[in-house]
Amino acid sequence: MTIVLEVRDLQKTFGAVVAAKDINVTVNEHEIIGIIGANGAGKTTFVNMVTGYLKPTSGQIEFAGRSIMGLPPRDITTLGISRSFQIPQVFLSESVFDNLLMAYAITEATGLGLLSPLLNDARAARVDSHLERYQIAQYRNALASTLPQGVRKLLDIAMAAVSKPTILMLDEPTSGISVEEKFGLMDIIMEALRQDQTTVLFIEHDMEIVERYVSRVLAFYQGEIICDAPTAEALVDPGVREFVIGEEYHRTRTGSENAGENAGENAGENGGGEDA
Amino acid sequence: MRYIDKTVVGLTIAFLVLFIADFFMAEWVRFIGLQSLARGAVALGLLVLWRTGLVSFGHALYFGFGAYAAAMLTLIGYHDAFLLVFAGTLAAGVLAYLLGFLLRRYRAIFFALLNMAFSMILYGVIVKTEELGSTDGFSVLTPTFLGYAPQGEAVQTTLFIFTLVFTYIITVGVHLYMKTTLGGMSMAVRENEIRVEYLGYSAEKVIHVKYVFSGLVAGFGGAIMALAIGQVDPDSMANWTVSGEFVFITILSGIGNVGATYIGALVFELIRTYAFEYAPQFWQFILGGSLLAIIMFLPDGIWSLFSRLRRSEKAPSP
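Heads up: the sequence lines are chains A and B, in that order. The first sequence begins at 333 in the numbering used here and counts up one residue at a time. The second sequence begins at 202 in the numbering used here and counts up one residue at a time.
These are computed hints drawn from the structure, not numbers from a lab. All C-beta atoms, glycine included, are put in the ideal place defined by N, C-alpha and C. There could be a bad hint or two in this list.
Said to hold, decoys possible - Here are the in silico distance ranges between beta carbons for each label pair:
{"no.": "1", "chain 1": "B", "residue 1": "R306", "chain 2": "A", "residue 2": "N473", "range": "27 to 37 Å"}
{"no.": "2", "chain 1": "B", "residue 1": "K207", "chain 2": "A", "residue 2": "D528", "range": "34 to 44 Å"}
{"no.": "3", "chain 1": "B", "residue 1": "K207", "chain 2": "A", "residue 2": "N473", "range": "35 to 45 Å"}
{"no.": "4", "chain 1": "B", "residue 1": "E478", "chain 2": "A", "residue 2": "D460", "range": "53 to 63 Å"}
The following block holds chain A by itself, in its conformation from the complex (with noise of 0.2 Å):
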């Protein structure tokens, strides 16, 4: 397996906040990962810091064997880390397809290619092709800003997704979307992803999508990593139990006796989101 990203001693702080301490994650190509943990654990940080939003105070990261760190994020997007919003990052005044027509353009031109005009036929057969992989065709027409919430944060992914990046950040998914519509919508958007072969790092809050889509599991708590294993593993270790998941939400009760303890300080951790 080729090691995509390394992460190593990576610190953030604000001020007296310890947003982020003595992270170390190596990714693998093609892994699925999901990152859980409590509202400020430090995951959208995490993100952050990984596409260049944030700077981080100390540690270093390397992609595909080269330091991105204090790269914007516009470098480290070219380089081939993507990622998607919490609240989803579009073009709110124009349709679907301009949305997506702008993304392939900004992706695809360089130099004297920005000279060129923005609409081409190849380009628009890209971007309805693109349309039908995330299935929001009949949404082409539509503004941006009278989409669902569902349908704009598969905008969102799906303009994250043009560039057919190595690596894709989502954050929080399925956040704001209904019970019913989360299984469906992460179907479109992982078989896309599988398609691309690309390897994905998801911030999630519903156990069942991560024990679902997931095949490794970064947990974080107060601003670092209590646990990186499989799936499987990670969802029965006991500080995830304990600090993460709050056994009164999850489904499978082994070794619940101690949930009572800790319904309290975990209650309502699952639901809500999280600032970008």
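We have chain A; now place chain B onto it with these hints.
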């Protein structure tokens, strides 16, 4: 091209009509036309910025810089219109390029007012420089055109055609540019800079390019204005009220079409000319009133009149 671009056709027709009309126009009409083309070109630069989500209250900086650069060349003995206008345009463009490194980091009101601050610095420098005539400015000698030295009315006739040709090229160029990836990125930057960054391009770079362009055309407009009036002075070239006029014209025109800026500039000149003639005490009142009327009844500018007409033509009859 598989289809015919209506805007290019429209601009070409307007160009040809004005070209021929130049030989029959009354002198004062031609003068208003020249000023409209010059100011319209500046407003075209503002339109490009506006589409990127930015408003500048200081483009008199580049207008004045272009005008003074051209005018100063006449002081040292250069009179060729091509050289003067090229120098004025280039000088303003270089200035915009340099200031762009700072300004591209600001948005909204900070961008607007920082531009104004820079324009007032230029104004201050001109007013304090006695060699440049201070508040009185100085007169610009009659230009020659590649060795052709027209006399009398022929000066303005030639200058009009000269201006017309260049504004035509610039305007068609901008229109085509807006259909390119870089042109279209105006929308992307206006709508969501974070997404642009995460698609792998620098929003600030996009803004810088647009800013340099707006500086170039403002310098062009200024150089033309200097030649058209035959005089440069700080109050009508570099003061903040001049910047306000450009924003006025842009609001008046709307950002729907590149051709609209010239119509807006013409309407502006006409309102001002007639208001000044018939109500010399109240002309600013009339100008302000018409801006208010535009904002209230045509919030998308004069151009929205055309699109409204087109829509009602297409609407099925009951």
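Check your understanding: Failing hints, ascending?
Key -> 3
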